[in-house]
Amino acid sequence: MGIGFDLILKTGEAAQILIVDDMPTNIKVLLSMLDDDSDVRVATSGREALNFLAKGQPPPDLIVLDVMMPEMDGYQVCATLKGQVATRDVPVIAVTAMVSMRVSPSGMAATVTGSTA
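Position 99, counted from 1, in the sequence shown is what the numbering used here calls 99; the numbers after and before it change by one each time, with no gaps.
I should point out that these hints are in silico values taken from the structure, not numbers from a laboratory. Built from N, CA and C at the ideal position, the CB exists for glycine as well. Wrong hints could be hidden among the right ones.
[Said to hold, decoys possible] Now the in silico label distances, taken between C-beta atoms and shown as ranges:
#, residue 1, residue 2, range
1, E48, P91, 27 to 33 angstroms
2, A54, I93, 28 to 34 angstroms
3, V29, V85, 28 to 34 angstroms
4, E13, P70, 19 to 25 angstroms
5, G56, A79, 20 to 26 angstroms
6, D73, P24, 27 to 33 angstroms
7, D73, E13, 20 to 26 angstroms
[Unchecked claim] Cross-link-like lysine to any residue pairs, in silico, SDA-like; alpha carbons within 25 angstroms at most:
#, residue 1, residue 2
8, K28, V42
9, K28, G83
10, K28, V90
11, K28, F52
12, K82, I27
13, K82, D61
14, K82, M68
15, K28, M72
16, K28, E13
17, K55, A79
18, K82, D36
19, K28, Q84
20, K82, A14
21, K82, I93
22, K82, P58
23, K55, E13
24, K55, E71
25, K55, I93
26, K55, R41
27, K55, T44
28, K55, A97
29, K82, Q57
30, K82, E48
31, K55, Y75
32, K28, V85
33, K28, I93
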């Protein structure tokens, strides 16, 4: 069992979670925080995550998304997710190792929720 995130859906089924991060150490830390009963998938790039989600499978219940990744950062991935019908309502938790953010937290919130207010 992880250190505190027991993600069981109201149906009693384990949550399906997609972790998107390019750093193996970060992935290990995130996996250690999740309950063993969670169905966790890992993508090591934004492009890989979007390709996985485009295969027509049901979307995950939660996406844990790194903000800083090469090629396609978390902001771009999140904007793409929120622009697609199949994934627009999937909650996204944005994670980062950045000490300071050039984008305000409200800017990230707008990206994650898809709102501008």
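query: Among all the numbered hints in the text so far, which are the ones the structure does not match?
result: 1, 2, 4, 6, 7, 9, 18, 19, 28 and 32
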